[in-house]
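Trainee: Read off the chains here:
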Amino acid sequence: DVKVTQSSRYLVKRTGEKVFLECVQDMDHENMFWYRQDPGLGLRLIYFSYDVKMKEKGDIPEGYSVSREKKERFSLILESASTNQTSMYLCASSLVEDNQPQHFGDGTRLSIL
Amino acid sequence: GQSLEQPSEVTAVEGAIVQINCTYQTSGFYGLSWYQQHDGGAPTFLSYNALDGLEETGRFSSFLSRSDSYGYLLLQELQMKDSASYFCAVNQAGTALIFGKGTTLSVSS
Chain E
1 DVKVTQSSRY LVKRTGEKVF LECVQDMDHE NMFWYRQDPG LGLRLIYFSY DVKMKEKGDI
61 PEGYSVSREK KERFSLILES ASTNQTSMYL CASSLVEDNQ PQHFGDGTRL SIL
Chain L
1001 GQSLEQPSEV TAVEGAIVQI NCTYQTSGFY GLSWYQQHDG GAPTFLSYNA LDGLEETGRF
1061 SSFLSRSDSY GYLLLQELQM KDSASYFCAV NQAGTALIFG KGTTLSVSS
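From first to last, the protein sequence lines are chains E and L. No gaps in the numbering here: position 82 of the first sequence is 82 in this note's numbering, and each next residue is one more. No gaps in the numbering here: position 67 of the second sequence is 1067 in this note's numbering, and each next residue is one more.
Certain hints may be false.
Cross-link-like lysine-lysine pairs, in silico, DSBU-like; alpha carbons within 30 Å at most [claimed, not checked]:
hint, chain 1, residue 1, chain 2, residue 2
1, E, Lys3, L, Lys1101
2, E, Lys18, E, Lys53
3, L, Lys1081, E, Lys3
4, E, Lys55, E, Lys70
5, E, Lys71, E, Lys13
6, E, Lys18, L, Lys1081
7, L, Lys1101, E, Lys55
8, E, Lys18, E, Lys55
9, E, Lys55, E, Lys3
10, L, Lys1101, E, Lys57
11, L, Lys1101, E, Lys13
12, E, Lys13, E, Lys55
13, E, Lys18, E, Lys71
14, E, Lys57, E, Lys3
15, E, Lys70, E, Lys3
16, E, Lys57, E, Lys13
17, E, Lys57, E, Lys71
18, E, Lys53, E, Lys3
If we take Cβ atoms under 8 Å as the criterion, some of the chain L residues that face chain E in the derived model are [to be verified]:
hint, residue
19, Pro1007
20, Gln1025
21, Gly1028
22, Phe1029
23, Tyr1030
24, Gly1031
25, Tyr1048
26, Lys1081
27, Ala1084
28, Phe1087
29, Phe1099
30, Gly1102
31, Val1107
Read the hints as simulated data drawn from the structure, not as lab findings. We put the beta carbon where it would ideally sit given N, CA and C, even for glycine.
Please model the complete structure; the sequences and the hints are all you need to start from.
Mentor: If you want it as C-alpha cells, here you go:
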C-alpha cells in the first residue's frame, strides 16, 4: 500500500514564524501535491511537483513556497505565517500518468496564533 | 474561469440509493475523479471516468457525459459507514486535480 506520511498531525505556531510542513511518500511517485482544506471551500491546490527540483504553482501559492530535493520528500514552507493560513494541509502523491489516483496523507492541522 | 458544482449536502436512509451530481467548467479536461473523505480522515480515491458512460465498482458507480460537462456518483445499498464527504475532481493536463467543494452525505438508520 502507498504510504504518504506528514510529519505532524497538529501544529501550533505564531504569526511571523517560518513554518515547515514535511511530507514523505514511499512508492516512488513522480508527482507530489500540497493542498489546503477549509470548510465550505473544498481542497485548493497550493503547489505541486512532477519531478525533483521542479515545482508548479497551484491556485493559491501566495505566502507559500515548496522544496523537493529528493523524490520521496516534498516540503511546504510558510515564509512568514499569518492567521489566515490557519487550515488543514494535505499532501498527496501520484504516478505521472493522467488517470492515476492521488494518495493523501492524514493531514496537518495548523493553527497560527 | 474554472469551476465545479456539486450539492453541499445530501441525506438518505440506510439501504437507499443516492446520486451526487457534479457539473464542471474547466480547460484541458482529461477525466473526472471521485474521492471520499470521512470526518477527520484523508481523502481516498473512489473512481475515475475518462470516457462517457458508467463505471461500476461494487456498490458505487460513476458516470460521465463529456458533451454535457456532467458526471455523477451513484451509491447503492447505503450503509451508515458511507456517511462522509464526497468530492468530484477534474483531471487536467499536467496531472493537477481541480476539486469541487464537496458533498456531505449523511446516512441515517
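Trainee: Indicate, hint by hint, whether the structure satisfies it.
Mentor: Okay, the hints, checked on the actual structure:
1. About 25 Å separates the Cα atoms of lysine 3 of chain E and lysine 1101 of chain L, which keeps this hinted pair within 30 Å; it holds.
2. The suggested pairing of lysine 18 of chain E with lysine 53 of chain E holds, with an alpha-carbon distance near 21 Å, which does not exceed 30 Å.
3. A C-alpha spacing of about 23 Å is found between lysine 1081 of chain L and lysine 3 of chain E, which places the hinted pair at or below 30 Å, so the restraint holds.
4. Between lysine 55 of chain E and lysine 70 of chain E the alpha-carbon distance is near 13 Å, which keeps this suggested pair within the 30 Å criterion.
5. With a C-alpha separation of about 28 Å, the suggested pairing of lysine 71 of chain E with lysine 13 of chain E holds against the 30 Å cut-off.
6. Of the supplied pair hints, the one linking lysine 18 of chain E and lysine 1081 of chain L is violated, its CA atoms being roughly 39 Å apart against a limit of 30 Å.
7. At most 30 Å may separate the alpha-carbon atoms for a hinted pair to count; lysine 1101 of chain L and lysine 55 of chain E meet this at roughly 25 Å.
8. Taking the CA atoms of lysine 18 of chain E and lysine 55 of chain E, the gap is near 20 Å; set against the 30 Å cutoff, the hint holds.
9. Under the criterion of a C-alpha separation no larger than 30 Å, the hint pairing lysine 55 of chain E with lysine 3 of chain E is consistent with the structure, at around 22 Å.
10. Distance hint between lysine 1101 of chain L and lysine 57 of chain E is fulfilled; the C-alpha atoms sit about 20 Å from each other, no more than 30 Å.
11. For a cut-off of 30 Å, the pair hint linking lysine 1101 of chain L to lysine 13 of chain E stands: about 27 Å separates their Cα positions.
12. With a C-alpha separation of about 26 Å, the suggested pairing of lysine 13 of chain E with lysine 55 of chain E holds against the 30 Å cut-off.
13. Only pairs whose Cα atoms come within 30 Å are accepted, and lysine 18 of chain E paired with lysine 71 of chain E is accepted, the gap being roughly 23 Å.
14. The suggested pairing of lysine 57 of chain E with lysine 3 of chain E holds, with an alpha-carbon distance near 24 Å, which does not exceed 30 Å.
15. Taking the CA atoms of lysine 70 of chain E and lysine 3 of chain E, the gap is near 16 Å; set against the 30 Å cutoff, the hint holds.
16. Between lysine 57 of chain E and lysine 13 of chain E the CA atoms are separated by roughly 24 Å; this keeps the pair inside 30 Å, and the hint holds.
17. A distance of roughly 18 Å separates the Cα atoms of lysine 57 of chain E and lysine 71 of chain E; the hinted pair therefore holds under the 30 Å criterion.
18. With a C-alpha separation of about 22 Å, the suggested pairing of lysine 53 of chain E with lysine 3 of chain E holds against the 30 Å cut-off.
19. Because the smallest distance between the Cβ of proline 1007 of chain L and any Cβ of chain E comes to about 13 Å, over 8 Å, the interface hint for this residue is violated.
20. With a cut of 8 Å, the hint placing glutamine 1025 of chain L at the interface with chain E is violated, because the nearest CB-to-CB distance is about 15 Å.
21. Nearest Cβ of chain E to the Cβ of glycine 1028 of chain L: about 10 Å, over the 8 Å cut. The hint is violated.
22. Contact between phenylalanine 1029 of chain L and chain E, as hinted, is not supported at the beta carbon level, the nearest pair being about 10 Å apart and thus beyond 8 Å.
23. With its C-beta approaching chain E no nearer than about 5 Å, tyrosine 1030 of chain L sits inside the 8 Å limit, and its interface hint holds.
24. Evaluation of the glycine 1031 of chain L hint against chain E yields a held restraint, the C-beta minimum of about 6 Å falling below 8 Å.
25. Of the supplied interface hints, the one on tyrosine 1048 of chain L holds, with its beta-carbon coming within about 6 Å of a beta-carbon of chain E, less than 8 Å.
26. A cut of 8 Å between beta carbons decides the hint on lysine 1081 of chain L: the least distance to chain E is about 18 Å, and the hint is violated.
27. The interface hint given for alanine 1084 of chain L is broken, as the beta carbon of that residue sits about 14 Å from the closest beta carbon of chain E, more than 8 Å.
28. Nearest Cβ of chain E to the Cβ of phenylalanine 1087 of chain L: about 6 Å, under the 8 Å cut. The hint holds.
29. The beta carbon of phenylalanine 1099 of chain L is positioned within 8 Å of a beta carbon in chain E (closest approach about 4 Å), and the interface hint is therefore held.
30. Against a cut-off of 8 Å between C-beta atoms, the interface hint on glycine 1102 of chain L holds, since the closest Cβ of chain E lies about 5 Å away.
31. Nearest Cβ of chain E to the Cβ of valine 1107 of chain L: about 21 Å, over the 8 Å cut. The hint is violated.
Hints 6, 19, 20, 21, 22, 26, 27, 31, counting from the list given before, are not met by this structure.
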